[in-house]
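Enquirer: Mapping the sequence shown onto the working numbering, position 119 (from 1) lands on 147, and the numbers just tick up by one.
For the record, the hints were derived by calculation from the structure and aren't laboratory data. Among the hints, a few may not be true.
Stated by the list, open to error - With a straight-line cut-off of 25 Å between C-alpha atoms, the simulated PhoX-like cross-links for lysine-lysine are:
#, residue 1, residue 2
1, K37, K89
2, K114, K89
3, K69, K89
4, K69, K35
Keep in mind the model is a prediction, meaning the values are calculated, not measured.
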Amino acid sequence: MQTTFLKNKGTMPCNDLERCHGGNGAIHWLGVLDGNDPGGKRVHFIHDDVLPPNSSIGVHKHTGDQEYYYIVSGCGVMTLDGREHKVTAGDITIVFPGGTHGLANRSDEDLRVIVTSVSVE
């Protein structure tokens, strides 16, 4: 039975994703962990995402998972169940099954966020 795991940054997939969930512009994501990594049954993924100025992740709904957005740097506007909230470094949001959310960077600086998706089933 495996008791530890290390994944080096150089082996993590990264890419620019255009119009994420119907949002604006392209975000840059780094796939820190995914469901194929050891222990990945409950963790769908962990991403280190950067939203450049004027980009966004479109509002979308979750059903069989929870998603956590931890704001590492910058500031943005998180839409949670139709209501907009300003978020800044150190803030975290959680979207439970049935909830909707999106994130917009309306500032002049990059917005960096760690996104974690875990199964609730």
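Enquirer: It remains to establish, for every hint, whether it holds in the given structure.
Expert: Right, here's what the structure says about each hint:
no.: 1; hint: K37 x K89; result: violated (30 Å)
no.: 2; hint: K114 x K89; result: holds (20 Å)
no.: 3; hint: K69 x K89; result: holds (21 Å)
no.: 4; hint: K69 x K35; result: holds (17 Å)
Going through the hint list in order, the structure does not satisfy hint 1, though it satisfies all others.
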